[in-house]
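Participant: If you count by the numbering used here, then the sequence shown holds residues 17 to 413, one letter each, in order.
Everything labelled a hint here was simulated from the structure, so no lab data went into it. Hints should not be assumed to be uniformly reliable.
To be verified - Label-pair restraints from in silico Cβ distances:
(1) 103 <-> 182: 17 to 25 Å
(2) 84 <-> 107: 29 to 37 Å
(3) 66 <-> 407: 34 to 42 Å
(4) 334 <-> 192: 20 to 28 Å
To be verified - Listed next, the in silico DSSO-like pairs over lysine-lysine satisfying Cα-Cα at most 30 Å (straight line):
(5) 362 <-> 283
(6) 96 <-> 203
(7) 65 <-> 96
(8) 177 <-> 203
Cβ coordinates follow ideal geometry from the N, Cα and C atoms, glycine included.
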Amino acid sequence: MPCLAQGDSLNDAQKAEQTRQQLEQTQKDIKELQQLLRKIEQEKSGLQKQLQQTETEMGTMEQQLRELEQQIGTDETALKQLDDDQNRLAQDYRMQQQRLARHSRTIWQSGGQSAPLRLLLNAKQPAELSRTLTYYRYLGQARQQEINALTHTLSELSAVKKQTLERKAQLDQQQQIQGAKHQQLVKLREQRSALLASLNQQQSSRAARLKARQQQQTELSLVLKSLQIAIAQQAEAEARAREKARLLSHIPSGDTQNRPFAQTRGKLPWPVDGRLLARYGSPRSDDARIKWDGVLIGAAEGSTVRAIHPGQVVLADYLSGMGLMLIINHGSNYLSLYGHNQTLLKRVGDLVQVGEPVATVGKSGGQAEPALYFAIRHQKTPSDPASWCVAQNQPKR
17 MPCLAQGDSL NDAQKAEQTR QQLEQTQKDI KELQQLLRKI EQEKSGLQKQ
67 LQQTETEMGT MEQQLRELEQ QIGTDETALK QLDDDQNRLA QDYRMQQQRL
117 ARHSRTIWQS GGQSAPLRLL LNAKQPAELS RTLTYYRYLG QARQQEINAL
167 THTLSELSAV KKQTLERKAQ LDQQQQIQGA KHQQLVKLRE QRSALLASLN
217 QQQSSRAARL KARQQQQTEL SLVLKSLQIA IAQQAEAEAR AREKARLLSH
267 IPSGDTQNRP FAQTRGKLPW PVDGRLLARY GSPRSDDARI KWDGVLIGAA
317 EGSTVRAIHP GQVVLADYLS GMGLMLIINH GSNYLSLYGH NQTLLKRVGD
367 LVQVGEPVAT VGKSGGQAEP ALYFAIRHQK TPSDPASWCV AQNQPKR
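Kindly generate the complete structure, drawing on both the sequences and the hints.
Facilitator: If you want it as structure tokens, here you go:
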């Protein structure tokens, strides 16, 4: 297989060191780009987190309002009981006043406070005097009991009135708190509506979708540009090394396994068997301005993705919009790209042969159904995979 060999000119130690430094810088640039992609994803999820926090606060506020309404109901019941007690005590007070008034009239009609003394002076028989004194003693005791009962009722009535005022003040305070919490809840609902509107606008706006697609293409182009810097200096030496090896070993040129990539047009195998979901150059979603720069092949999740030509893995990582992506350098600035994978079976630097498993089909990068994004590029320019792969094995729509 054509490994990424260095030519005679690369035997110079200084150029080898320059190449190593360029590769290290490329890896550093890729890491920085990946950090930037993760930051962008975090910013995109910021609105969802803010919405989650707002809805959590709304749930807490609703629970507090329910508890406050229950407490207000309890206080209103207690206040009604206090009003009933107050009415009962007021009625008892009036009845006690009436009884005390009757006792006072009885004593007055009998001669007032001096009546017992007059009876004592006018009494002719001791027995009559004794009965009279006993009568007035009982009458005085009854009057004193009525006075005591009236005093107790007044004290109890005063206490109930005080409790009633305190309950009313407490109820007023709770109602004020309830009003404030209702206002807070209304504000939270308005914030939630604004967040939902923002999310819906972000998700449904055609301009936002176009910008996201363009951003994804820009990010991928930046990565590919960094990779091209690393492999450009190897291309010429690699071609010379392959040609030299072919001439020395007399390997026939009809075998795509040992042929340069540029000479394999129409003879390469497809990376996976499946159904063609999107052709090269067709519009992406509902926006005709964004077109497919590769093909999308639907296949069972977990299906094996195979290398279409010998080469070296130069990228095996997650890219925004493309999910788990694997890129193989086939020399002479030819790259094959495999995206939306479920798993990556190779790492950066691995050498692969034609037909060797490199990944499995998945839905990463936001795909609704399992499919493989497959593309071919030469010096950053996309090319139709159908013009490179065997026609009779092309996936059907």
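Participant: Is the hinted range of 20 to 28 Å satisfied by the C-beta distance from residue 334 to residue 192?
Facilitator: Given a distance of about 54 Å, which is not inside 20 to 28 Å, the answer is violated.
Participant: If you check the beta carbons of residue 66 and residue 407, does the distance land in 34 to 42 Å?
Facilitator: Violated: the Cβ-Cβ distance is about 52 Å, outside 34 to 42 Å.
Participant: With the threshold set at 30 Å, check whether the alpha-carbon distance from residue 96 to residue 203 stays at or below it.
Facilitator: Distance ~34 Å between residue 96 and residue 203 Cα, so the pair is violated.
Participant: Between residue 84 and residue 107, does the C-beta distance stay in 29 to 37 Å?
Facilitator: For residue 107 against residue 84, whose Cβ atoms are near 35 Å apart, the range 29 to 37 Å holds.
Participant: Compare the distance between the alpha carbons of residue 362 and residue 283 with 30 Å, and conclude whether the hinted pair is satisfied.
Facilitator: 24 Å, holds
Participant: For the pair we were handed, residue 65 and residue 96, check the Cα-Cα distance against 30 Å.
Facilitator: 47 Å, violated
Participant: Can you tell me whether the CB distance of residue 103 to residue 182 sits inside 17 to 25 Å?
Facilitator: Between residue 103 and residue 182, where Cβ atoms are some 18 Å apart, the hint holds.
Participant: Need the status of pair residue 177, residue 203: alpha-carbon distance at most 30 Å?
Facilitator: 39 Å, violated
Of the numbered hints listed earlier, those contradicted by the structure are 3, 4, 6, 7 and 8.
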